[in-house]
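Peer 1: Residue numbers (numbering that gives the first Met the number 0), protein chains in the order written: chain A, 0 to 332; chain B, 0 to 262.
Quick caveat, the hints were computed from the structure, so don't treat them as lab data.
These numbers were taken from a predicted model, which means no experiment stands behind them.
There's no promise every hint is true.
[What the hints assert, rightly or not] Dumping the calculated BS3-like pairs for lysine-lysine here, alpha-carbon to alpha-carbon at most 27 Å:
(1) Lys235(B) x Lys264(A)
(2) Lys165(B) x Lys77(A)
(3) Lys108(B) x Lys107(A)
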Amino acid sequence: MARIFAYIVHKRGVADDSAFELAAAARKIDPAASLTAILTGWGADLDAACNTVGASYPEIWKIANEALAYPNAELVRKALQKVLPSNSIVLVAHEHFGIDLAPGLSIKMDSAFVSDVLDIAGVEGANLKVVRQEFGGQVSAHVRCDISSGAVVTIRPGAFKAVEITPGSSQVIDKSVVDKSNAVGTLAAGRRYLETVAAEAGDVDITKFNVLVSIGRGIQEKDNVAIAQELADALGAAVSCSRPVVDAKWMEKSRQVGSSGKTVKPKVYLACGISGSFQHLAGIKGSPFLIAINKNPKAPIFQVADVGIVDDILEFLPELTNKVREMHTVAAK
Amino acid sequence: MEILVCVRRVPDTSENEIELNSAGNDIERGELVYSINEPDNYAVEEALQIVARVGGNVTVATVGGEDDEEILRREMAMGANHGVMISDEAFSGSDGRGIATILKTFVQKGHYDLILTGVQAEDGGAQVGGMLAALLDYPFASLVNSIEVLEGKKLKVSREIAGGNKEMNEIDLPCVLSIQTGINEPRYVGMRGIRQVASVPIPTFSASDLGLGTSAVGEAAAKVNRVDYFVPALGKGAEILHGTREENIDKVLELVAAKGGLK
């Protein structure tokens, strides 16, 4: 079996949670494989980050280079190419950095590439069998990947339960490229990081509400957003949404729940016309009571909701609003 | 600026209930509504807007077959100057790397300053753009949600990162960018527009036209293959309410109140 490496994303001296999920995925590929974490970066942050993964990785490789202080995928790829043995299996989290790094790395390593993996189904000879999702999570697929010349595999965040292996002791090995003629820092990147621009705050802070009326593509047009707003007003809730609503410019980005939007922790989450992509679900924390209303009985949201109603939200929501208003009127009398 | 946009025709997830066929080795494709992959459409719109600002041409290309021509026509109706079909029996069964290899040979036959792809396909893995860039040794940025053309053969692009934040980068041309949905508002295409480009010739490139040996593409070269489809049992699943609408509404209100959600 090939060596397995996990590329660890870290920030301000702390490894991302995905570090421990990659370790779990690696163990599922081969519990006996030699497992190594690789971290790139610079200075005290890098050293501190290396120390935060010892619980899951017996061996940690660090590549320190000032040019890698901010993770520019092009430079990271060049650094990894220098140190990774051929035929390695390289695991990377399937998030914005992994999406940048992994496909090109597989080309340069001349190895197979399989992305956004949810589960490992096993190894049969030279083939790794994995589980992926397609069509917005409506169906899953088994995918076979020939790993005889290595593989780059991206792992969906949250798909594997993080494990701590406590190897007893772990060692950090400095793999920083010292050969000046070959140093990573001297390689000019065709892409240069400038700055990070923080998301705009928006008019309503959806993270502050106990109840969210959250709308998806099923709202169909901008004018229909009012239907959800009326329900939210009656409930004392806020309207949030999934990505397609923001893409269509029907609501501000600040209303979006998901990995590229806000993370919310309401008590009750009404998912209205939302299919339930994993990127959306990643933004819902704290296990709220999830009620899904969707006219497609196959919508993946029904797999994760507590209660589901197969109905057209454009008819269901106004009637629900009327009922809430009736209750308020009765209560006022 | 000469811009190439790589596009794909896919089953439209928002319009379809995807089901397995009886053999379980594929999805039921008979009744599916197909359309252009959504992020690809945003990529074409972005290319058209760049050309409107700085001049140039937009070419849309797809690796596929006869059925896929409709999306090229659709994008030409949006305003793309050229449509190109890259088609050969030898291409069938290609994995992501195979498709990227085919596109690489096509790119090398032309002179493109900028190559755009959608960030990912409904049945794909956000792979072809990054692979194509690596094969060409061009710089690459994924999840791009704004593009500004700078002086001196450079772009300023922002990438969508976690929490709605944006990572700003400068990138040299020629480069490959994968485009995220929401970067713009793609223009509407009516039947009339599509009829107007119905007779515009679409050149086809085969493996031999591209000088492409078939050992690097197609099923035999693929290191990654889909074995089967299945419907996963994720979690316990929702309790589906089967009452009348009125009963369901009462139940929802009862639950919202019970979970501490009503004022």
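Peer 1: The structure should be examined with respect to each hint, and the outcome stated for every one.
Peer 2: Do the hints match the structure? See the list:
{"no.": "1", "hint": "Lys235(B) x Lys264(A)", "result": "holds (21 Å)"}
{"no.": "2", "hint": "Lys165(B) x Lys77(A)", "result": "holds (24 Å)"}
{"no.": "3", "hint": "Lys108(B) x Lys107(A)", "result": "holds (22 Å)"}
In terms of the numbered hints stated before, the structure departs from none.
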